[in-house]
Amino acid sequence: MCCKREDRKEVTTTTRITIFAIFLCHAFHATQSQDCPPESSNVLHQNTTVAWISSDKDSEIVTSNPPCTDEQGRLIVRLCSSGLWYPQQAQDCAKITTSRRCPLNFEETADDCLFVSAHRPWGNICNFESLLEQSAPAALENELVWMPYRRYIAYGPYEAVEWGSKRSKKFNNRLKGNLADPDFFNKNCLIADTATNDYFPEFCSNKHRHVCSFDKNEADSKCPDHCVNADVAKKTCFCKEKNYCSTTLSKIETILDYTVLKKLAGDNVCYVDSNLPVQQNKFQAISEDRWFYTDNDKIKCSLCTIINNNLKENNQSAEMVLNFDEKQKKLFLTIYSPQNLFNNANENTIYCYTDASQYELKKRLNVDRIIRNRKAGRPYNVYKVSIEKFIGDYWCEAYSDTNENNAVYSNTVLAYKKKPGNEFALKLKVISICIIFPCDEMTEFNYESMVRRTELANLKSQIRVMSVINFDFESIDLLLHITTEEKIPIVDDRSRIWQELLNLSNIEIQSFASSEFCLPETSENLTWPLTAVGQGAVADELCLQANGLPVVRICNGNFLEGATWGEVIGECHKDIQVPDTAKTIQTAMTQILDETTVRNVSNVIKTNTDLPVLSVYMVSKFMKHMYIQNSSVDVVNGTLEIADSMLFVNKAYIWYAQQLLNVSDDFIDLVENVLTDAKLRSNATLIQKSNLIMRIVNPLTTNVSGMVVYQDEENNVRMEDLPRNSTFDDVGDNALIAVIVPEDVINHPNITNLTIVTTVYFKDSFFESNSSRKPSGPVMSVSIPEFDGYLPAPIQILFRFSNYSHRPDCGFWDYGKKTVRKQGKWSSVGGNYLGELVNRSYYHVCSFSHLTHFSLLRLTLPQETLTSFDDQAMDVIFYLGDFLTIFGVAGIFVTAIMFRRWRRKQGTIILLNLSISILMEVFLMQATDTRLITVPQGCGVLGIMLHYIIISKFCWMLVYSFLQYMRFVRVLTVLPDNIVFKSVIFGWGFALIPVGIVNLVTTTAYSNKKYNFCYPTGLYLYLGTLLPVLLIICINTFVFIAVMREVTFKNVESHGSKENIHKLQVQLAILLFFVLGVPWLFFILANIIPVPWIEVALAYLFCVTSNVQGFILFLFYVVFNGETRLAWLTYFKLKSSKSFSVATKTTSRASKS
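Heads up: the sequence shown runs through residues 3 to 1155, numbered per our numbering.
Mixed in with the good hints, there may be bad ones.
[What the hints assert, rightly or not] With a straight-line Cα cutoff of 25 Å, these simulated PhoX-like cross-link-like pairs (lysine-lysine) come out:
(1) K608 with K765
(2) K365 with K420
(3) K253 with K242
(4) K653 with K827
(5) K331 with K419
For the record, the hints were derived by calculation from the structure and aren't laboratory data.
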């Protein structure tokens, strides 16, 4: 008999393994399965037991009823095989548990995990991760608890703060309090009495317990579709995979694991793991109703574990962008990297709001996901956001986890379903509000009822309460919006409403303005036209300041509070005449708009490349005039003609006009509007000008999905279409820029007709900003009118760019449009750099998930302040420094070779290592000149060597700095044991870390050839080189200051006369200044201080002082050092005496002969 049973009182882990081995014998000899007899086991510290009941299936792994765990929370199980229990005696149960998904310190309901906090002020209490560290709370008794509601808007309602669909819902239960309570609106939180179920306003600073609730189902949302969270708290996912795991099998350790995994398996039988012993040729498997051992190795299902953090497809934080499609009157939200948001950016945890509701100060909106793109380099989701009837601000927010502080916010946009008339902002005071409105009966303001009870209801327009400014029980200050229902001139509309307002009683008007425009007015004898908020205007009476810039005025304010004119900028100078070009263009707007007029304006621009700012502004007005008139003239060709002419103008004047009046944004916006509104006479249109090319094509009828612009050696350009299903590998070598629209866009099921409008600007004059990132070449505009708000798949654009030192960015021109006026700038949100083309590194590919103006951005350096003479002079200084350093290091090594006693000193050994690093740096700096490298991969190899030796040199400088600090500052401190050995390890070993990391991450970090110099580039330069070097410079500078302070004020190691002491102090200062790398401060300051002459002076100081370390060391350790000087003098004396003796003997022998 190969197996036998043994009686025992306690089953340890070792004996359990033995018992499972015994089980194998029974298993192989069993002819049929049979039940194990029911048994029970005790529960520690409780007068109760748990039952062990098996089914009729063999090799079953059984949990007790109810389940129980040991002291560490591990699930206790037994094996039933051939009618026998293993282990024979059940382990005592430490704690009875139940099937659950919530952490053990939480209470669990069918849908939620609940936690009752200790007494504390209202705040970010329900942060899940912080609650996990707290002990299980005491049960609630009859006491006051915080409610998950808070007032966020002054005088507004209490809003739910629970995660998910309930968030921001108004509290609708009856409160014990009303508006007549003087502290009602200071109590921004709510409490509940658990004994009476009454609710009270409360000061948020008071302390109460808080009930935190988490939806168990939302925990799964950060896992892939076929996965669930291990539990609400863990950052791991259990996934059901076909066949075998690509990661690791999920392991059943706790009751939570068991509950989740058997539910995940469902009707399938899947492989699983646990802490039970591994059986030869046996596998553990689980289904919803069974957990057992099996010898079947053909099961087509496995339960696998992945770490939630590994699910992130990139390390970029989530970003949210709202976009209002003015033509379709639709609002879209795009979220980039949605996997990095709580609940995986599920619609229930994306919170979008508006103030456009007629009856609520802030209303939460419906959000529906319409695009989920994971094919892009950076994943993104697109959501359709519901829109209210009236115009208003819209914004969204989401969270990366359950911490309220980790919020992600979108931009704010204006949106509307319809815009029948004009919009006005009205600030007023309603007198005797609590007589009109029953304050002692109400627990919140009902704005519809409030307006209806006042004479405001008599206005012949729609009225909305936007905010409550102040409420003092006698009166209430309100900000209202008035929306008119007829499209009449805004000045007439305002006059009509103003007359109605004057007839109202119990109303004090504080301000009344348009929400969108500053109305025409006359100020300082100048007439200012109707101007949109955020725009600048030039007076109708054209006049200039003394500096030649026009007198302007900015329309300030915002949509919510209304537009207001700013102060007039500048004064009209009588001696400064209005340019003839401005007068000519102004006159053209009064003439018949035909091709001759357009041609005349174009010629005026082309013949005046230094077009004044006022004239640039007048050109933008002429383009608007041409767009609005929409006469028989070819608007598309005329607009492109004017835009092309403007690109001949000195970009400095366009930039000034943009800064002052937002003119270049108007140019590109007008061009885009004209092109997207164009009616195609054929399926393809091409217009080519000197500075731009425009292509309009229907891909469904022409089989074209993109375009490419080629430029030959004589800078001539031509455009070619790219057939559908093309790739950038099909593009020739002299391509300048290209675009491909993917088939997912062209074949979108909701689109029956499609138009691709592409414009290439060969100059970036319209796209100037204060950013250090500039276009590396042409700017391409891509628009598809049928997809104005979003793209179902990203488009790809190819850019040609070489000779770069930093990885380029994929950018778009983010500028204001009609509903959101702002000054344009380059942004990279929604742009993803896909890398270089294989074997053609001068081509870079970007993908974009939206449509606008695109370019490949390069990081521009400040304008050079050094002349060619300066460059040549500094080259001479550097070469002279190299020569002196080589000479000095050679002198140090000759001295070490000649005098054994000196070279065996600890300080000399460290000096020799520092000298070696200095010498190697000099040689490698010359060797890494890329103009001298002809061997493939030579630049990379030398770059690695130079990278290593520079960091090693600074490490040895740090070692030297440490020794000086110990000698002069910590005078009585004993040097560490084996100081030389430790110094060698640090000096030559530390540099391996940053160099190794850089080369593990990338193999192309040393390919920079912009300055004919092999060295790390981009982020690898900053983190792999500059960071450790700057840290060492900072430490050495501190040591330099500390040492000089000691020797100056405490005369450390100073003897002799006062003059001699000062001399030694000066010598020490010079030595430490050079050897500790303090001259590098000149280099840092030269890049910080923007004053040109100071930059040049600091650059020269750096060149003179930074490259002579070897020579300085030679002077102070050989020439000026008494020991070495004496050794050399003794050596030369001995040599001289020997020569004299030999000469004497030779003379004596000669005389004898």
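Structure-based check of all given hints:
no.: 1; hint: K608 with K765; verdict: holds (15 Å)
no.: 2; hint: K365 with K420; verdict: holds (18 Å)
no.: 3; hint: K253 with K242; verdict: holds (13 Å)
no.: 4; hint: K653 with K827; verdict: holds (16 Å)
no.: 5; hint: K331 with K419; verdict: holds (6 Å)
When held up to the earlier numbered hints, the structure conflicts with none and fits them all.
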